[in-house]
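> One letter stands for each residue in the lines below.
Protein chains: 2
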Amino acid sequence: MTIAVLFGAKSFEHEISVVSAIALKKVLNSEIVYIFCDYDRNFYLIPTDKINSKRFSSGEYKKDKSLYLKNGGFFYKKAFGEGQVSCDFMINLVHGSDGEDGKLSSMLDFYSIPYIGPRIEGSCVSYNKLLTKLYAKEVGVHVLDYQVLRKNSEDLIKIPFPFIIKPLRLGSSIGIGIVKEASELSYALDVAFEFDDTVLVEPFISGVKEYNLAGCYAKKYLFSIIEEPQKEEFLDFNKKYLDFSRTKRVNEAELSQALEEDIKESFSKLYNPLFLGALIRCDFFIIDGKVYLNEINPIPGSMANYLFDDFNSVIESLSQNLPSQINVPKEYKYINSIQAAKGK
Amino acid sequence: MTIAVLFGAKSFEHEISVVSAIALKKVLNSEIVYIFCDYDRNFYLIPTDKINSKRFSSGEYKKDKSLYLKNGGFFYKKAFGEGQVSCDFMINLVHGSDGEDGKLSSMLDFYSIPYIGPRIEGSCVSYNKLLTKLYAKEVGVHVLDYQVLRKNSEDLIKIPFPFIIKPLRLGSSIGIGIVKEASELSYALDVAFEFDDTVLVEPFISGVKEYNLAGCYAKKYLFSIIEEPQKEEFLDFNKKYLDFSRTKRVNEAELSQALEEDIKESFSKLYNPLFLGALIRCDFFIIDGKVYLNEINPIPGSMANYLFDDFNSVIESLSQNLPSQINVPKEYKYINSIQAAKGK
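Sequences listed follow chains A and B, in order.
Taking my numbering as reference, the numbering of the first sequence is continuous, increasing by one, and the terminal residue is 1481.
Taking my numbering as reference, the numbering of the second sequence is continuous, increasing by one, and the terminal residue is 1481.
Hints listed in this document are in silico derivations from the structure and should not be mistaken for laboratory results.
All of these numbers come straight from a predicted model, not from anything done at the bench.
Warning: the hint list may mix true and false statements.
Said to hold, decoys possible - Taking lysine to any residue pairs in the SDA-like style, the calculated list, with each CA pair at most 20 Å apart, reads: (1) A/LYS1207 x B/GLU1219; (2) B/LYS1288 x B/SER1343; (3) A/LYS1202 x B/GLY1218.
Stated by the list, open to error - Computed from the model, here is a short list of chain B residues facing chain A with C-beta under 10 Å: (4) LEU1241; (5) SER1243; (6) VAL1262; (7) TYR1264; (8) TYR1469; (9) LYS1470; (10) TYR1471.
What the hints assert, rightly or not - Here are the in silico distance ranges between beta carbons for each label pair: (11) B/HIS1279 x A/SER1343: 36 to 44 Å; (12) A/PRO1299 x B/GLN1457: 26 to 34 Å; (13) A/SER1343 x B/ASN1464: 55 to 63 Å; (14) A/ASP1186 x B/LYS1191: 34 to 42 Å; (15) B/SER1393 x A/PRO1297: 23 to 31 Å; (16) A/GLU1468 x B/PRO1297: 36 to 44 Å.
Here a beta-carbon is modelled for each residue, glycine too, at the ideal position from N, C-alpha and C.
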């Protein structure tokens, strides 16, 4: 089995993706081919034995084979004709924009390339924190109270201090700030608005219990252990960054069976059918014994490999149960009937 | 000014898109280049003077210049090197899947090609009728009651007869059926489930007043007239089909000024910021003096040209006010700092 790992791209989380991709080399048993998308959105085939972070930061990758996308896969030019990068399926490991906002999913779908990763709708719903809230509520999963604020709007924030301000899109804690009193507000808004023209305001609950569960559906749910992440006030960018290179197993959270089941049930409500084909990680809060969705990571750092007992078999099962696209008959029924009527 | 019209693609509405594209030739004053995407998702440059529906139904287009997408636009091979299709911007005129579900928008965004059409999020929200409902409610626009039904689910329909069953995705009335009594249910469900594994059930209100408003935002709102479409029980596929080739002005609906303003206000709530860059048509119901959203057409048939006094100037203004993508600094800050720490 050969897996192509797609990473990089035009994203604030470009570097995270590089780190995440390199981490996968240690944990995947299969043969890996690495397809790098640079900040300018050019694709390169990176030799698996030579991959390291410096290859990208130094620009050395530009000497690697240049690739382009078309029906069926990634191709490269040869002296005569072209060659195709051979793989059984791809893993979309582009974190943040391009990867998690639906762009690359769209392109892989359009060119009929099988891949593990969120499809367009799942991407849009998880990338936009307002859509995440609306969707979660609709499928019966609790979310924290929230308020959406547009840039230059004069709306007052109705959520009491302390609250947390997040750019409406993006992941990985970028642009997020906690506001404990009025004097901190303007700076936090400035930071968040650097990354999006809309921000989300949520109550900040100090010391809230957070639990992460990763999983996917492949004829049945394949769940990871539930992790209680170590955290400071909240996971900042540097902390999360380290997370993306993790390959070691973590300790399981200590939870009552009832709560564990609640968390898994919430995950399933969110996952199916929107995230079929993806291995996602959902981060939950538990408040007064109730499960709340914090966020959905449709492409978790290094695929949350460290949360699974047998990561390789999860990936293999999922790859054999990817959603198929709807079949569209190639017909010109209407045009033919008009032409027939016209006697053409 | 040269406009590239992108049409066709792998969609149940492929033929509609062909008809829609040909109709634009009559109404656009600018130079047009036609980029056709066939059912197999190969791109072709169709000579503008030779475009007619038979070119596609007969397969003759396959002799036209083959195109491929890459950074900056559509390209074709030349004896030596390659040429680029030259245009100032594109109009995404692919109705239904590929065009309205976000795939082609993603690709145009990814390759930094300026275009008129919905961006990814607007596409996902309007393509999926559940997301449309959730979003409309969130921004304060009324929607009809609804129920979502999954294939093979044993959920009972709680909405009283008569109701209307629609595939959750797709547009143009495909797969839609009205159910007036229990005996009609199973057939209507079968039809709808042919097109999607989830359907939406809504009350069917016989004789409800429907009003369509098209528009876009280009420094200010550019609205069309409000049309009261002629209709039978509901606009079926054939009727809507004809709609897509329309180029003649229609009659303005007779509405009180208050209602007209309500309709425009509802449009604006839905449009901004989700549909910036697109010319969309919103179809509303008026029930007991209140405005309800029926559906959002993010790529209306032949761009709803027949609803505008000066369609060409609307397109020109919009093309000069397309949303820009967020700027991502090309940096390897984190990786460089790690390498510095390691002394590499």
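> Next step is simple, just say for each hint if it's right about the structure.
Tested hints:
no.: 1; hint: A/LYS1207 x B/GLU1219; verdict: holds (16 Å)
no.: 2; hint: B/LYS1288 x B/SER1343; verdict: violated (27 Å)
no.: 3; hint: A/LYS1202 x B/GLY1218; verdict: holds (18 Å)
no.: 4; hint: LEU1241; verdict: holds (8 Å)
no.: 5; hint: SER1243; verdict: holds (3 Å)
no.: 6; hint: VAL1262; verdict: holds (7 Å)
no.: 7; hint: TYR1264; verdict: holds (8 Å)
no.: 8; hint: TYR1469; verdict: holds (3 Å)
no.: 9; hint: LYS1470; verdict: holds (7 Å)
no.: 10; hint: TYR1471; verdict: holds (5 Å)
no.: 11; hint: B/HIS1279 x A/SER1343: 36 to 44 Å; verdict: holds (39 Å)
no.: 12; hint: A/PRO1299 x B/GLN1457: 26 to 34 Å; verdict: violated (43 Å)
no.: 13; hint: A/SER1343 x B/ASN1464: 55 to 63 Å; verdict: violated (34 Å)
no.: 14; hint: A/ASP1186 x B/LYS1191: 34 to 42 Å; verdict: violated (55 Å)
no.: 15; hint: B/SER1393 x A/PRO1297: 23 to 31 Å; verdict: violated (42 Å)
no.: 16; hint: A/GLU1468 x B/PRO1297: 36 to 44 Å; verdict: holds (37 Å)
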